[in-house]
Amino acid sequence: MLRVVLAEDAVLLRAGLTEILDRSGHRVVAAVGDARALSEAVDEHRPDIVVTDVRMPPGFRDEGLRAALELRARHERLPVLVLSQYVATAYATQLLGGDGRDEGGLGYVLKDRVGEVSEFLDTLRRVADGQTVIDPEVVRVLLAQQTAARPLNRLTPREREVLGLMAEGYNNQSIAARLSVTEASVVKHSSNIFMKLDLDPAEGNRRVLAVLAHLRGGAG
Amino acid sequence: MSLTDGADPTAGLAAEPDGADGTDGVAVPDIAVRRALGRRPADFLFSAWPLRCWLNLLGGALFGLGLLLALVVLVSVGILLSVVGVGLLVLACLPLLGIPVARVERRRLRLVQPLRPADPHTPAPEEGLRRRLRHRFTERATWRELGYAALLAVVFTGAGLGVVALLAFSCVLAATPVVVWALAPETVMIVPGQAVPDPLSAVPFSLAGLAGVALSAYAAAWLTVGQVWTAWILLAPRKDPENRRVIELTRSRARLADAFEAERRRIERDLHDGAQQQLVALTMTLGLAELEMREATPEAAALVARGRGEARRALDQLRDLVRGIHPQVLTDHGLAAAVAEVAQRSPIPVEAAIDLPRRLPPLVEATAYFTVTEALANAAKHSGASRIGITGTLVDDRLTLLITDDGRGGADPAAGTGLSGLADRLAILRGRLLVSSPVGGPTQLRVEVPCSA
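Protein chains in written order, with my numbering: chain A, 1 to 220; chain B, 1 to 453.
Simulated from the structure, these hints should not be mistaken for lab results. Don't take every hint at face value.
Residues on chain A that point at chain B, a partial pick, calculated with CB under 7 angstroms [stated by the list, open to error]:
1. I20
2. V114
3. V141
Derived coverage of chain A by chain B (criterion: at least 3 residues anywhere in the stretch with Cβ under 8 angstroms from a Cβ of chain B; other residues may be distant) [what the hints assert, rightly or not]:
4. 31-39
5. 57-66
All values derive from a computational prediction rather than experimental measurement. Glycine included, C-beta positions come from ideal geometry on N, C-alpha and C.
Next up, chain B with everything else stripped away, as it sits in the complex (with noise of 0.2 angstroms):
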């Protein structure tokens, strides 16, 4: 399969949001848990935020705990070792350990925040270690996640172990009278000292015990923010001045392309109210004029009706011009119709099924229809077809067309400036053509175009 990908350049910031522009650094989205945690207590408590905080504070510990004996391990062997050498090349490889760290942690994360990070790293070089290892050293992206391990390991390990103990400790004291009525009355002393005599006594401990797991929860939950911040400025990749001009420049060339698309619908409203509406007037006028004529001049009767087909060929040359601008049936109709016209022209017999629940964006229409009509004019040229099937759907708010001849194939997008002109027109809305077409057929292209306005 060649593949013609409308790369997108901001593919490595697809999870950051729009309208973060303008700011250094990177935009942190909005914190799940911050939005929770501004709901009322009651709310708040009995959600599932207060659970998903603990698991992730206790997964966050457990796995800083091993980077922690990891990183001891790591730098006394490196140490050990010095003398020989080899501990050098350990000590020095060290700062890589942030890099599946960061891995882990992003995924991780999405426990508690649905839009993770992308890897903020950039491809290394294909072959030679020493040169993979450079990149990767001078990646600003390294240190920084280097950082984050470090913080990890430290600082949230112990502040999430701190919030996992409390709310042990609180569930224990919760349980209190569970445990003097059932095991040992008169044995259990949580003041030294005074033990206490019945289950009742022990509900005051009781209530302590759920105001520490309410306490808890929230400190788990603050905590949590603090780590899906610390982790969105630290792992996320950073708009570096390089990326900011792409992400400008594929701004531009989106707006560039909607303003062609506007001005293109233009032309054709002019043409239709214009020139359109005169030739049309101009056969009506020699209509009623042929026909006062016929009963006693029919030579001049003959010539106006001659003008009159002269004019009819110039109305359908111009609407045929107007088709290849912007189709009128595609602005009345959308998409299904359109492309059920212009089946209805393709010398080849095309079946065409496109199911949409709705309208979809203008530019993503034209740019889909005249897809469909660059591909039927390769089929017809080309490919030797006897028949064409175009499908189309939209799942996830993602148009897909599927268009199929059974043809000889062998269709080259590198090679005709068609396709992958079509491919540039896709890839400013973010969307891509695939095309497979073995030698011997079938040729099948595969549009998929993003609809979200």
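Next up, chain A with everything else stripped away, as it sits in the complex (with noise of 0.2 angstroms):
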């Protein structure tokens, strides 16, 4: 059972996702409708994660994401899922260049995934245990955009699928059976990207955080 402090400025949405985090076995400790009263309530209720919405009032921009920085400045390891409307790398760069720290889980998904329901509660138990998880879309596009770009050339496209699984916060394990092939070979293949990338692979979970940094260096 996950305690969960819930931001949503619509009120239709913010009623959906407490039913199905409810329904779920989860908690809702606080539902609120801004940036303002998400910090309140995560100070009030000390939260196992934070869910948030980008676009927040008053300024109807990206108050909740900021908040969610803010929040993660504060109070150290708190698992924090970005829901937003649309795909804009925008945000998840912003969101994950945050702060370089990777304690605590972040997630930026879209709002559609929550349809998904067992994919999305999945999404938010790994971020609660600290897992960086990226929206597929999100990874797409940051991949797309990297395929003009010199590093990435260098991966063929299986070691290619196993960077974007991995950015997406999938271990190992996972990723062999999503592509069903041994772990061994998935070892293989990320050892051979982290090295066509200059990465050093000891980092462990510090990894996606590593590989989506060199993604925008890229970018930029």
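Hints given; two lone chains; assemble the complex.
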């Protein structure tokens, strides 16, 4: 059971999300409609995870995202799952670039994913466990953006596939299951990737951020 | 290079300050010298202004003297030769002398007034000396300029020489002690019959001289104010009823564009808050239903899953629609981010390097964004390019976008509605679109938009 603070300004979606979370055994300790209330709720309830919308009042720009970044600076290891109405790599970049630390899970997924309830709950759990989960659509766009850039061209299509799944926060075992290959070959692929991208493979969960940092570096 | 220029109907009036409407004739801008005169005397006298005004008057006086001489010569020659007939021609063309004089004066006065009046003349017909002359003679500006030339040659030259003479005399007076000491004690006479005995007793004259310098500085400044004012009244374009209508039309067009833009943003917000939310909520409910049914009635769960997929597709379509109206990322993150997003969706690889120090006015952002999307769509449809480069910079409050592809070229702005529509949208912002697309490529679009609020 996860204790969740939920921030979403649209009443309809707030109710929907609350229902989904409550029905699946989690507990929404506070459901708020703007960024300030979110900060206060987190300070009061100390939840296991924060789920927040990007756009919220009063400016309807990226208040939720900024509140999430601020909360992560204030509360160490606070997992945050950001929901976005549309694919914006700018948001993902902002979120992941916010702090270099990888303590506490971080997630950025599209709101549409919530409809795939079991996958959404899976994402929620993984973020709460401290993993980083980026929406496949965002990863796809980030990778597509990179096809013209230098270092990723060195990767084989299979390696790129593995990198994509890695960026979504899957571990070697799940990647192996998804691609129907042995875990040993995934390990081989990932060490190839790290080698080709000049990354240190010893850094565990940090690898996702490293990969994304690398993608961003190539993009800029 | 073919050119689709968002012709600026107010170009001839560009130097006019805003907020000058409602008055007849010209709006004289804030005169810089007048402002300097408002300072404390010490601040004014030790600034560069007195020097500038003296130089201005001296220059004007010399120019005016030359002009006077030219007038005298031309009139005499004209009268003398009038018997032959050529003289009449000279006399007849004399009024046109004001035109070059005015051109010089508009430039010369920049010494004391940073903003110079625009040229009031309308373009003359291309061919036929007679028609060109007639055009000039019927313009009121020509006669106003002639009046200014006459004023310059007589009044400003006379007054200017007076001030300069006062300055020269004052300088000499101020230097009396030095002259007495260095040259000839007991011989210099300032008051006739009374020689100055020694440098010390020349000091009062020196003080008088300094006062004279100050006086001439103020006189020069006030005369310059008068001259700048006269120049603006006589040499700047008038707001004729015709011009005023063009300005009003331009402004109302900009207001309309602003209103349209606001409306687009409102529609985007409404769709975001309304239909989009409803659809997302629907997918959530269907997702929950699917989860609940999965165990007991798998067939029903499959149907619900299909329904969810359909809702999802409707959501995607709605999102594409919103993107075409006013993309959210543009509102949230500005032009660079929005162009980066649209570049990602382009079938041709795009390298975008847009480096802007700040957010631009909403209408500029939207127009620039849609120019880029249109350019990318055109390139994808017609160019056969393999890569596209987009650069954006803000220099002197002017946004410049360069969109270059390596395709086959031959884009004609006159042919399609896309490019000329863009030029129209840019023209509202006083921007312009330059298209260079030789057959064989490459195609380059250059977009320039001023961003001053």
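Tell me whether the statement that chain B covers the stretch 57-66 of chain A is true, taking a Cβ distance below 8 angstroms and needing three residues at minimum. Holds, because 3 residues of the stretch 57-66 of chain A bring their Cβ atoms closer than 8 angstroms to Cβ atoms of chain B.
Holds or violated: the hint that I20 (chain A) contacts chain B, with Cβ atoms closer than 7 angstroms. holds, 6 angstroms
Taking the least C-beta to C-beta distance, is V114 (chain A) closer than 7 angstroms to chain B? holds, 5 angstroms
When I compare C-beta atoms, does the stretch 31-39 of chain A have three or more residues closer than 8 angstroms to chain B? Violated: only 0 residues of the stretch 31-39 of chain A have a Cβ under 8 angstroms from chain B.
Restraint outcome when V141 (chain A) is required to lie within 7 angstroms of chain B by C-beta distance: Hint on V141 (chain A): holds, closest Cβ of chain B at ~5 angstroms, below 7 angstroms.
The structure fails to meet hint 4 from the earlier list, while all remaining hints are met.
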